[in-house]
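Novice: Residues per chain, in single letters:
There are 2 protein chains.
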Amino acid sequence: MQIPRSESGEACVNKKKQQTEQTKKKIADAARGLFAQKGYKATAIEDIVKAVGCSAGNIYYHFKNKEGLFLHLLEEWNTEWDRNWLVKEKLYLTITDKLYGMVEYLAHDQLNHPLTRAADEFFNNAEKAPDVEERINVMVKGYIDFNRQLLQKGIDSHEFEITNVSGHAIILDSLLLGLSQHCRRMERDEALAAYRLAMDVFLQGIAKPKH
Amino acid sequence: MQIPRSESGEACVNKKKQQTEQTKKKIADAARGLFAQKGYKATAIEDIVKAVGCSAGNIYYHFKNKEGLFLHLLEEWNTEWDRNWLVKEKLYLTITDKLYGMVEYLAHDQLNHPLTRAADEFFNNAEKAPDVEERINVMVKGYIDFNRQLLQKGIDSHEFEITNVSGHAIILDSLLLGLSQHCRRMERDEALAAYRLAMDVFLQGIAKPKH
DNA sequence: TATAATACTGAATGAATGTTCAGTGATATA
DNA sequence: TATATCACTGAACATTCATTCAGTATTATA
Chain A
6 MQIPRSESGE
16 ACVNKKKQQT
26 EQTKKKIADA
36 ARGLFAQKGY
46 KATAIEDIVK
56 AVGCSAGNIY
66 YHFKNKEGLF
76 LHLLEEWNTE
86 WDRNWLVKEK
96 LYLTITDKLY
106 GMVEYLAHDQ
116 LNHPLTRAAD
126 EFFNNAEKAP
136 DVEERINVMV
146 KGYIDFNRQL
156 LQKGIDSHEF
166 EITNVSGHAI
176 ILDSLLLGLS
186 QHCRRMERDE
196 ALAAYRLAMD
206 VFLQGIAKPK
216 H
Chain B
6 MQIPRSESGE
16 ACVNKKKQQT
26 EQTKKKIADA
36 ARGLFAQKGY
46 KATAIEDIVK
56 AVGCSAGNIY
66 YHFKNKEGLF
76 LHLLEEWNTE
86 WDRNWLVKEK
96 LYLTITDKLY
106 GMVEYLAHDQ
116 LNHPLTRAAD
126 EFFNNAEKAP
136 DVEERINVMV
146 KGYIDFNRQL
156 LQKGIDSHEF
166 EITNVSGHAI
176 ILDSLLLGLS
186 QHCRRMERDE
196 ALAAYRLAMD
206 VFLQGIAKPK
216 H
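These protein sequence lines map, in sequence, to chains A and B.
Going letter by letter, the first sequence gives residues 6 to 216 in my numbering.
Going letter by letter, the second sequence gives residues 6 to 216 in my numbering.
Check before you lean on any hint, since a few could be wrong.
Note that identical chains are pooled: a pair holds if it fits in a single copy or bridges any two copies.
Unchecked claim - Restricting the straight-line Cα-Cα distance to at most 16 Å, the calculated cross-link-like pairs of lysine to aspartate or glutamate (EDC-like) are:
no.: 1; residue 1: K29; residue 2: E166
no.: 2; residue 1: K133; residue 2: D161
no.: 3; residue 1: K46; residue 2: E132
no.: 4; residue 1: K43; residue 2: E132
FYI, nobody ran anything at the bench for these hints, they're computed from the structure.
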């Protein structure tokens, strides 16, 4: 790894870096669209090649392989989601509201961003290299941790009264994961209603017992 | 379709019918094991051929194609499940207990019967012929109807007090669907605990508000 | 300017595998 | 016994597709 000298060399070194970044982005953008539209397996490298207008070799120059390209897209999507959520989160005061806001955003994001379908196809595919398995595990842990933190905050603020936080974090993720699969068979409004109802049930399910 | 004359011809006609049934069963059994072990896509017809000891053509003589064979296994599994549940159900008096019993049985069945994994792979695969899509839709509707009926009974017996029965039926199925996917990353005991906790949350989530 | 490093090409590779079909032997029917 | 139906064979077919790599073009370095 070389660091360009900031005075003279910068523009020159950047020309390559910029080119790489630009190409990577072009590939990623085309791939994202195709994966979302056709699914993971049904999208051939050849399709991406045509869409980008570059060679197949170039894709393998910038990404390890098809799996690596797809994982890159998923990780990009996750960081983007986190970034946006950090802004939205501030709009809600209670954790209960945050959870409602979260599923609302999640539902909108998934409904507008059909990479979910390809992701489910990818995650549920049985044949996976160990390094891929590992990157998926990290992602799943991330989702559950996200839930855990939210739930913990709700406990701290005395909105819920659960003890098994990790367990409930998985329950919540399961609910949302299953729902995202069912929502494929629904209209938009129906799907949004289902997400809200799911959160109703979950929140009542972890609510403090009324005395 | 010819009906064998019961007196003289029976044994003769049955010889073919029996052979067909026997072969179909042999293929189904071998395929079930392989799909469960290796997943849907990773199981080649060739593998099944080797396991059964018959020709590839024979499989296509008895089943329309690979998808048809797999769907046959799923439908077989479902009817078996229903048949067993009908017996078990009687052990539980309240609907609440029935629901706990149901997830318990579901969890055991899925943990012992790893066809679930292949099923998820199959269901989540993007490329499906229209007739396959249809058979899957029928199955999914069946799962939701099953939940709906249980919930309706719980309403009739005044155990719950929900109005949107169909919606809750989907929520319950989502929860169980998502959970079955998470449980792949768990130990057996952990998975069983997760199923129970899920039902705790769901039941409290639809419980009558205490006055 | 010469050399090195980088970005990119695209045809060739190579393996996997679902499905078919002409043909064979066994079984039922007349 | 002759004919028709059925259960079965298995090699060949047809297609798909991720991945590689020897070589070219562009850009940076000394």
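Novice: Determine for every hint whether it applies to the structure shown.
Specialist: Do the hints match the structure? See the list:
| no. | hint | result |
| --- | --- | --- |
| 1 | K29 with E166 | neither (47 Å within a copy, 54 Å between copies) |
| 2 | K133 with D161 | neither (39 Å within a copy, 47 Å between copies) |
| 3 | K46 with E132 | both (12 Å within a copy, 8 Å between copies) |
| 4 | K43 with E132 | between (20 Å within a copy, 8 Å between copies) |
Of the numbered hints listed earlier, those contradicted by the structure are 1 and 2.
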